[in-house]
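Starting from the known structure of chain B, fit chain H onto it as the hints suggest.
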Amino acid sequence: MSATELYPANEVLPRNERIVFNLYVISVLVVLVLMMLFGLTMRMAQGTWINVPPDLFYQLMTAHGAGMVGTVGLASSAVMWFFLRKYVRLSLAIFATNYVLFVLGALAILASVFIGKYAGAWTFLYPLPVHAMNVWSPHAAALFMLGYLLIGVGFLLFYLDAMLAMIRVYGNLGRALGLQWLFGGNIDPAHPKTVVASAMVAITNSIGTLAGAVVLVMCLVNIYFPAFTLNALLVKNLTYLFGHMFINASIYMGVIAVYELLPRYSGRPYAISRPFLWSWAASLVMVLIVYPHHLMMDYAMPQWMVIMGQIISYCAGLPVFTVTVYGALTNIYRSGMRWPTPAKLLILSMFGWAAGIVPAIIDGTITVNKVMHNTQWVPGHFHFYLLLGVLPMVLALMFHVIGSRAQEPDRATDKLGFPLYLVGGLVFVFAFLAAGHDSVPRRFAVHLPQWLLTDQVGSIGAILVIAGMLLLATRIVTGLLKAPVHADPAHAAG
Amino acid sequence: MIMQNEVWIITLCGIGLVTLVFVWVIGQSGKAPAPEQLQQTSNAIRRWWFLLLVVAGIGIAYATLRPYPIANQRSNAAAAQIVDAVGRQWSWQISPTRVKAGIPVEFDVTSADVNHGFAIYAPDDRIVTQTQAMPGYTNRLLYTFTEPGKYRVMCLEYCGLAHHNMVAEFEVVAAEKGDQP
Numbered sequence: 001m002s003a004t005e006l007y008p009a010n011e012v013l014p015r016n017e018r019i020v021f022n023l024y025v026i027s028v029l030v031v032l033v034l035m036m037l038f039g040l041t042m043r044m045a046q047g048t049w050i051n052v053p054p055d056l057f058y059q060l061m062t063a064h065g066a067g068m069v070g071t072v073g074l075a076s077s078a079v080m081w082f083f084l085r086k087y088v089r090l091s092l093a094i095f096a097t098n099y100v101l102f103v104l105g106a107l108a109i110l111a112s113v114f115i116g117k118y119a120g121a122w123t124f125l126y127p128l129p130v131h132a133m134n135v136w137s138p139h140a141a142a143l144f145m146l147g148y149l150l151i152g153v154g155f156l157l158f159y160l161d162a163m164l165a166m167i168r169v170y171g172n173l174g175r176a177l178g179l180q181w182l183f184g185g186n187i188d189p190a191h192p193k194t195v196v197a198s199a200m201v202a203i204t205n206s207i208g209t210l211a212g213a214v215v216l217v218m219c220l221v222n223i224y225f226p227a228f229t230l231n232a233l234l235v236k237n238l239t240y241l242f243g244h245m246f247i248n249a250s251i252y253m254g255v256i257a258v259y260e261l262l263p264r265y266s267g268r269p270y271a272i273s274r275p276f277l278w279s280w281a282a283s284l285v286m287v288l289i290v291y292p293h294h295l296m297m298d299y300a301m302p303q304w305m306v307i308m309g310q311i312i313s314y315c316a317g318l319p320v321f322t323v324t325v326y327g328a329l330t331n332i333y334r335s336g337m338r339w340p341t342p343a344k345l346l347i348l349s350m351f352g353w354a355a356g357i358v359p360a361i362i363d364g365t366i367t368v369n370k371v372m373h374n375t376q377w378v379p380g381h382f383h384f385y386l387l388l389g390v391l392p393m394v395l396a397l398m399f400h401v402i403g404s405r406a407q408e409p410d411r412a413t414d415k416l417g418f419p420l421y422l423v424g425g426l427v428f429v430f431a432f433l434a435a436g437h438d439s440v441p442r443r444f445a446v447h448l449p450q451w452l453l454t455d456q457v458g459s460i461g462a463i464l465v466i467a468g469m470l471l472l473a474t475r476i477v478t479g480l481l482k483a484p485v486h487a488d489p490a491h492a493a494g
Numbered sequence: 001m002i003m004q005n006e007v008w009i010i011t012l013c014g015i016g017l018v019t020l021v022f023v024w025v026i027g028q029s030g031k032a033p034a035p036e037q038l039q040q041t042s043n044a045i046r047r048w049w050f051l052l053l054v055v056a057g058i059g060i061a062y063a064t065l066r067p068y069p070i071a072n073q074r075s076n077a078a079a080a081q082i083v084d085a086v087g088r089q090w091s092w093q094i095s096p097t098r099v100k101a102g103i104p105v106e107f108d109v110t111s112a113d114v115n116h117g118f119a120i121y122a123p124d125d126r127i128v129t130q131t132q133a134m135p136g137y138t139n140r141l142l143y144t145f146t147e148p149g150k151y152r153v154m155c156l157e158y159c160g161l162a163h164h165n166m167v168a169e170f171e172v173v174a175a176e177k178g179d180q181p
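Just so you know, the sequences run in chain order B and H. Note that this note's numbering has the first sequence beginning at 1, numbered continuously upward. Note that this note's numbering has the second sequence beginning at 1, numbered continuously upward.
In isolation and in its complexed conformation, chain B is listed as follows:
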């Protein structure tokens, strides 16, 4: 197998794997479109184009936040599974269990929100879930948390299986990360980048998920035994450690698609290097200790933690700017690159990640955070690197897979869907950033008249994104449901 072979035989999905993978992909696309529609509804309500009562607005906000974070996590776990299974033996049963637990958890969350009226936001910040002012019951809040727990258990099983599989092949997780080559020695050029990234994600997000489980259990006990009170600052620390870790793990799982696929479209090998190993080792530590940048306005936080939040926020940009994005650009520079849809999406993902962390890093400065925290600047930057960064990584894999099955040139729908998604995405995120510049708060159901322009521009952007996403998603689903042309690995095309 050549390093740049487009559809290597060891990526062919046997029947059962294909069924589970298709379930992941189709479910992810359906939920993503639904959550995008929730988001559009909120932006149009803020822009006064439609009338949405505040109780429904905050229910939609809660479902959108939890749904998007969870679904992006599920989608990128499919990316990690798809590539990691080539190097280590992963359990299909556990991958399928993760899916089942996710669906059960999502159903619990949807029931909690739309039947139980729970509207405590994805952050479920203590003690809001039990201070509902008679809007939702304690049972609705508990059901929401139970949904999170189910999803967390699924992810934890997936990571434990991945860690076990990597230990079987590489001896320990340190060797899977390539730590033995940090200070010298000849790096094995065949050591997969996918294994390095997967080991990092499995370690860090297991810790993040456990932090989430601890805080969820604490809150559940508090719901049914109110005498068991909690420290609000401790709960907030655990919540943001979990939340920050989970969404960052999605980026780190998604970027595996770039490492694996980009060299195939550029035709140039994408070699592993010492800076690459250093960047993942450093990111492993940084992603776990950077979360205090979410708590800069909690003045009761220890000063050293807040300063660490700012400095590590800056440092966290280094691996992105000097290794991953830089490496991707070097890989395509004067490479005779081909530009089918997966290649466009891969480069878009690198752009969205690099550009999106610019406003994020700036907001990680305490002085800036004092005027930008919890304004629309925040959804501006995280939508930038999620909508234009992580989702294109996931979509790139999906298009690559259907490309391996159909062997046909891009259709007109792809050519229209991509620019709609790109232009709409840029309009959408810049409307948020402009609103943040104007001090417009995030998470407000009702906006002042002077804030409506950015809401309305953002709504137009969201409509374009959803139109593009519908075109791309339809193409992926129809492509996936076609019979694979390479069911027999002996006939895989090179």
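No lab work stands behind these hints, which were simulated from the structure alone. Any given hint could be a false lead.
To be verified - Covered, in the sense of this in silico footprint (three residues per stretch, anywhere, with C-beta under 8 Å from a C-beta of chain B), are these stretches of chain H: (1) 79-86; (2) 94-104; (3) 141-152.
As the list claims (entries may be wrong) - Pairs of lysine to aspartate or glutamate, DMTMM-like flavour, derived with a Cα cap of 25 Å: (4) H:150 - H:124; (5) H:150 - H:179; (6) B:117 - H:113; (7) B:117 - B:11; (8) B:117 - B:55; (9) H:31 - B:5; (10) H:150 - H:106; (11) H:150 - B:438; (12) H:100 - H:171.
Quick reminder that beta carbons are idealized off the backbone N, C-alpha and C, glycines included.
Just chain H, lined up with the frame of chain B:
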């Protein structure tokens, strides 16, 4: 220049620079393969790029952390003006509601129920500063107003169904002669 405008310009320049680099590299991507020494050239550029970012990061961190931008929470020295602010679903209790410009104000901010955000909006609708209002903790926010006028406090931490209605107002008046800054 106000902070939000500085942030906006830096952000647009940063994103613009990223965009230019991508457009240039994409424009080059279809051209004939680069010479053999591409990897060495790329590594050399990366080293300088890394060094530039590290130096810039250290400089910005130093400039923005000295003096430390958050008031000492354990200080016993009370400011000349003290305002107590208590958030609860869904209103603010602020006392007093009139302070003087040019003299430091200490806001002692807490919550009687859930987490709230205590953001002060100037008459031109821009946030001038903020802190969180958290049950069980009192956050000490120091700020010196430069412009008299009506200021508003809005809750910036989601706190339930009337979160967006949690607005209060206070007045900043010009300091009189003899007032000590």
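* **Hints violated by the structure (listed by number, smallest first)** => Violated hints (numbers, rising): 1, 2, 3, 7; every other hint is consistent with the structure.
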